[in-house]
Amino acid sequence: MIEDAPIAAAPFELASVSGGVVSLGDLTAAGSAVVLFVTEECPTCAMTLRRLSRTAQELAEAGIQVAAVFEDPLEVAARTARRAGFRATVLSEPAPYEVSAAYELQSVPTTLLVNSAGNVARRVIGWDRDRLDELIEEAWAPSAGSPPRVVADDPPRKPGCAAKSTYDAETLAALDGAGSYDELEEMFERGWSDGLPVIPPTPERVQAMLGAREASTSLGQVPPAMGEATLQRLAACAVLAGCRPEYFPVVIAAAVAALEPAFNLNAQAVTTQPAGQLVILNGPARETLGLNASIGALGPGNRANLTIGRALRLMVSLTGGGYPGRMDRATLGHPGKIGFCLAEDERVSPWEPLHVERGFEPDQSVVTLIACDAPMSISDHRSLTPEELTRVLGWAAAATWSPNWWPLGGTSLFVICPEHAALFGEAGWSKQRVREEMFEAVQRPAHKLRWGETTPQVQAAPEFEAIKKWDSPDDIVLVVAGGEAGRYSAVFGPCLGLQAEIVSKEVA
Amino acid sequence: MNYVSPFDDRHREAEPLAPRQTPLLGARVALLDINKRRGDEFLDRVEQRLLDHGAHTFRVVKEIFSKPADPEIIRRIAGRGDLTVEALAD
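Here the protein sequences line up with chains A and B, keeping their order. Using the numbering used here, the letters of the first sequence map in sequence onto residues -2 to 505. Using the numbering used here, the letters of the second sequence map in sequence onto residues 14 to 103.
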């Protein structure tokens, strides 16, 4: 379509992808100019840019300026022009597209011939081979020789898309959102996630996490896919998880513990069991890093607890390839496999903390890794004696793994809430006393356990032989955490059959 | 955008498959029991089929299914066997 002019061309001044700004006056300073309005989203625009790229070159050599005005941000204009091979002037018109509106644009591409007098001499809407040839012929007129022709390939005509200057505000906002780069979505597209949004690991953030540490230092290979855990990759996991740089020493210690052969992460990472890797932090780092050992100690709400545990899990699932549904074959898994980190409340505990039991000094900060299932809450607001409370806690654990799987053949971790711990403390019961009393309290005659899934020991035992839930009091691990009010302790389901030992490492 | 990858992106060549062993007559076949429940029953059935085809068999048992095999076990298999059948899971 051609509209016979002349009408005065609206002046403009737009940013150029080559730097600086270009005005209409710049384009027409030496004669006619061809101004092509386009946008990235329009396929006809892409075709027109591609087909005019060679012609534009020939026009430029003849002193006729050609400029593409993109209804897009500068970087989008640059990228789109580059892909189309369009090497003439490329300008960017920002929203709300006042230049397009001034030219009363209805659709793109729209090609204008602006003559040296500053009038719009011709206007071609959409791709229209014959009309574009006529436009070029008119632009060419003052020069000698035959004018160049646009690409003769089919289609001869092709309609374009609505110009953005005609959009209502809502459509424009939606379009801008869809076309823009979304860093958080990019993380999902790369698979750098556990299913929740992550912090993009930019080089700056990873460097801040690393500090003065050597990026290439290796902590070993992470099973099951045996990706190498360099400090840089671990730092990337810590950034993704949302860790602050000061948490990183704890993340490193947790990773070192997880990669100890005795922990058998390889089996944990691929098993059909639900087991995850619980990180327990003891020592002064709990307080300096602001971990929560009190109200909601196992729940949401605290950045340090949640992100330290998550960083370790991202190392396993990303660096190690133990991603659920791929090499991680857990039938159900459990929510703690997103991130599982607990701080012991050493201030309210009547007992020596876990790391001291395991041979460390009280002033050392230590992570202890335990492979375990999700916690099960145990309510007891009625017991008045330590004997009663021990039986309640122990019998709650009796059904863990499977109701008749006795002895368990693994570790039962109990988180004792402060009120329960106080009852034991006031009675003068040591941790060892609680363990021994619990060990003795939970036993049943073999014949009561002889249905469904049960152990070879139960099957082989005489009918009334007492079978205990645990092989030894040492299979019972006790830590103290939780809010000061409320008598809810918890026992964690075990990880069995994998010889996944408990491993502790000092935080360097 | 430039990011630091959490993945170990190094390309690793896949181990090529060994040539297929035929026939089974006279072949020495290791039956690797990974020590998981009822794996031995599975191997009993496989062993009978192999014997029917004229193969010679021997059993090798891992200490625990959830850890890599001891290098000594791999050496024994490699030293004595032409083929290995592994009973992987219950």
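A hint or two may mislead.
[Claimed, not checked] Cut-off 27 Å, straight-line C-alpha distance, at most; resulting in silico cross-link-like pairs (DSS-like, lysine-lysine): (1) K49/B x K75/B; (2) K80/B x K49/B; (3) K445/A x K465/A; (4) K502/A x K80/B; (5) K49/B x K465/A.
[As the list claims (entries may be wrong)] To spell it out: a stretch of chain A is covered by chain B in this simulated footprint if at least three of its residues, at any positions, have a beta carbon under 8 Å from a beta carbon of chain B; those stretches are: (6) 29 to 43; (7) 374 to 388; (8) 448 to 461.
Worth flagging that the hints you see were computed from the coordinates, not collected in a lab. In this text, all values refer to a predicted model and were calculated from it rather than measured experimentally. Note that the Cβ used here is the ideal one computed from N, Cα and C, for glycine as well.
Right, here's what the structure says about each hint:
1. At roughly 9 Å between alpha-carbon atoms, K49/B and K75/B fall within 27 Å of each other, so this suggested pair holds.
2. Annotation: proposed proximity of K80/B to K49/B holds, straight-line Cα distance about 12 Å (limit 27 Å).
3. The suggested pairing of K445/A with K465/A holds, with an alpha-carbon distance near 12 Å, which does not exceed 27 Å.
4. Restraint check: the Cα-Cα separation between K502/A and K80/B comes to about 22 Å, which is no more than 27 Å; the hinted pair holds.
5. At most 27 Å may separate the alpha-carbon atoms for a hinted pair to count; K49/B and K465/A meet this at roughly 24 Å.
6. A stretch counts as covered by a chain when three or more of its residues have a beta carbon under 8 Å from one of that chain; for the stretch 29 to 43 of chain A and chain B the count is 0, and the coverage is violated.
7. Chain B is given as covering the stretch 374 to 388 of chain A, and this is violated because 0 residues of the stretch bring a CB closer than 8 Å to a CB of that chain, at least three being needed.
8. Residue count for the stretch 448 to 461 of chain A with a Cβ under 8 Å from a Cβ of chain B: 0. That is fewer than the three needed, and the coverage hint is violated.
Hints 6, 7, 8 from the earlier list are contradicted by this structure; the remaining hints agree with it.
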